[in-house]
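Peer 1: Spelled out, the chains give:
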Amino acid sequence: MAKIINTNLDYLARPAYNDVGRPIHFVPQREEHMPDRILEIRDLHVSVGDAEIIRGVNLTIDRGTVHALMGPNGSGKSTLSFALMGHPKYIITKGDVFFEGKSILAMAPHERSLAGMFLCFQYPSAVPGVSVANFLRNCLIARHKNAAPLTPKEFKSLLDNACARLKMDPETLRRYVNDGFSGGEKKRLEMLQALVLQPTLSILDETDSGLDIDALRVIAEGIEAQRSPDRSVLLITHYQRILNYVKPDVVHVLIKGKIVKEGGPELAQELEAQGYDPLINELVEA
Amino acid sequence: MTTQTLTPFTPDRARIEALSQQHSSEPRAVLEARLAAFEKFERFPVPGERSQGWRRTRLDGIDLSPVEPERSVCEIRLSAADADRGIVVQTLEAAALTGAPALANIDTGHSIEHFSALAQALWISGGAIRIPAGAHVAEPIVVDWKAGTYPRLDIYVGKGARVAILENHALSGRLTAGIVDIHVDDDASLTYVHAQNAPRDAVVFSHQRARIGRNAKLITLNFAMGGKLSRADVEVRLEGRGAESDMLGLIFGEDDQQFGFQTLQGHHAPDTRSDLLYKSALDDRSHSSYTGVISIGHDAPRSEAYQANRNLLLSDGARADTEPKLEILIDDVARCTHGATVGPIDEEQMFYLESRGIEPGAATKIIAEGFFQDVFAKAGDDRLVAPLRDLVAPHIGRLGAH
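If you read the sequences in order, they're chains E and V.
Quick note: the first sequence uses the working numbering, first residue 23, plus one each step.
Quick note: the second sequence uses the working numbering, first residue 93, plus one each step.
It is possible that some hints are incorrect.
What the hints assert, rightly or not - Computed Cβ-Cβ distance ranges for the label pairs, DEER-style:
1. 347/V to 235/E: 36 to 46 Å
2. 118/E to 440/V: 23 to 33 Å
3. 440/V to 128/E: 50 to 60 Å
4. 407/V to 118/E: 32 to 42 Å
5. 407/V to 288/E: 51 to 61 Å
6. 135/V to 205/E: 27 to 37 Å
7. 347/V to 249/E: 47 to 57 Å
8. 490/V to 56/E: 32 to 42 Å
9. 145/E to 427/V: 45 to 55 Å
10. 452/V to 118/E: 22 to 32 Å
11. 113/E to 266/V: 50 to 60 Å
12. 239/E to 436/V: 55 to 65 Å
It should be emphasised that the hints constitute simulated quantities derived from the structure, not laboratory data.
Bear in mind that the values here come from a model prediction, so they are computed numbers and not experimental data.
C-beta: ideal position from N, C-alpha, C; glycine also.
Please take these sequences and the hints and turn them into a complete structure.
Peer 2: Below you can see the structure in the form of structure tokens.
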């Protein structure tokens, strides 16, 4: 039985801003004996069809940290995120992945989600006929099977507040999931889901691509809103741009299916200045 | 097991004349229409598995021979609030006396012409609804068929009137063939739902013919989840400038059920618009065959026509056939598109829901529910579709269990 993550949704049910207009920050109760290491990827190899895309990745994420995974197109960033979430097309041929100390390789995608993992899709699917509100209600029901359900009023207040945080039109809640959404609207909806579901680990697959500067800022605020001592973020991106708004604790560079460099926030700036070419050249020379 | 007709019923002219006399003073023109329809019936062959539009329909064990006509009885319910709006509700034979022009029409449709002709020769009674010009009917009018083999309904919506009508067809009996005539006069609007939920051993045919006047709008929703074999021809003629037609269809199939729809979007006036969405969700070994005709005549410049047929296969044994047919006789068409899909639930869609913690069985249900809701919402009147949603709900609840 998968562990039910943080059932405390009160922080979103309360107004997001207090009466003097300052945001109210959520500081969840820290449970005892929670492992400090959220994610540990060990020598991971992933194939799609006959092609090996991820070729021996090692990466660890500690609780309460924000990691950026950067890399040029085709380096395997999206493959890694799909493999972590358990997409059936992405076959793990070697290595292991531990989430809060337990291997997740035998877990189905929904079990990984219930355990506290969340993938923010680059190209989320449309679900015609299913409203955003109904979809989220089903996601919460899946999480709180044994808990008292939220009252309709609590649920509405939860969603309205989450919308307010992301500067989303509450009318979005009535639209069908991603059906006819613009690129920016899709990204916002992914962030909305992350806010409502409160995952322990959010994996954001190029959530920043294709966004104008205002939308980028809103998404960055959404990511910051997830920052807490208990939760971690793996931000996958091609560009340094979003890192002007979200400060990562650790930056990893993925090229041709391998982590080639790791460092602090300064590494992202270095990449912004020089691009990926010097790192690619180093790889070729080696 | 095959069904055997022990005393086969064979209609003839004498029988039709006798039947016409049963109706008190049926107008001569109505009898003539019956006899002309009967001639057509004799000319049209019984459809077989190779007939056009019947592709891959299995007919073994299905008896398509005519049934002895029985008097059709329907209950037509109006709200008290609408009772004083001058709405006329009567039996079809009563309507025939004061003039029901549709009764002189002997068009027989396409895929079910044999049965349409039979019904138009042999109908005994039925219902007629006449909405006077300018009346805005507040509550949906509900038609429930109680008995009959050839149920026939005549709907006339007068100029500028607005109304919603739900017709429930759940008649038992080996075979029923119904006729629905709809005339939406200029500037009027009608939302019409035909809900077919017959017992699982019944063969059900329905021929629906609609005419739409100038700047008038007709929304039709054909909902089908009953019967062993059911087929409908749904024909809409846009006859007045600016006429609009939204045509919706929803099929839910289980076991060995077979469904067929043939639709006609007939544009016969300038600036007309038709938008069709037919969807089927097919479980077990059920089958659906769809033929969609868009016809834009010389007399219909600047018309817009859209057609989409979506088939969701919920099990490996389910099948769907779909065939669009375009008959466009004019260059000056504003827009005409058609598209069809047949396939199981999209893998990426499933993964998306699963990645949110929803287990695969529940994800299937949510996606199927959405598949239906998409069409229900387009009907634009929840009072009409709420009962249909209730009919489907328990079946969706069983999905994902296998």
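Peer 1: Quick one: which hint numbers does this structure break? Sort them smallest to largest.
Peer 2: The structure breaks hints 1, 3, 6, 9, 12; every other hint is satisfied.
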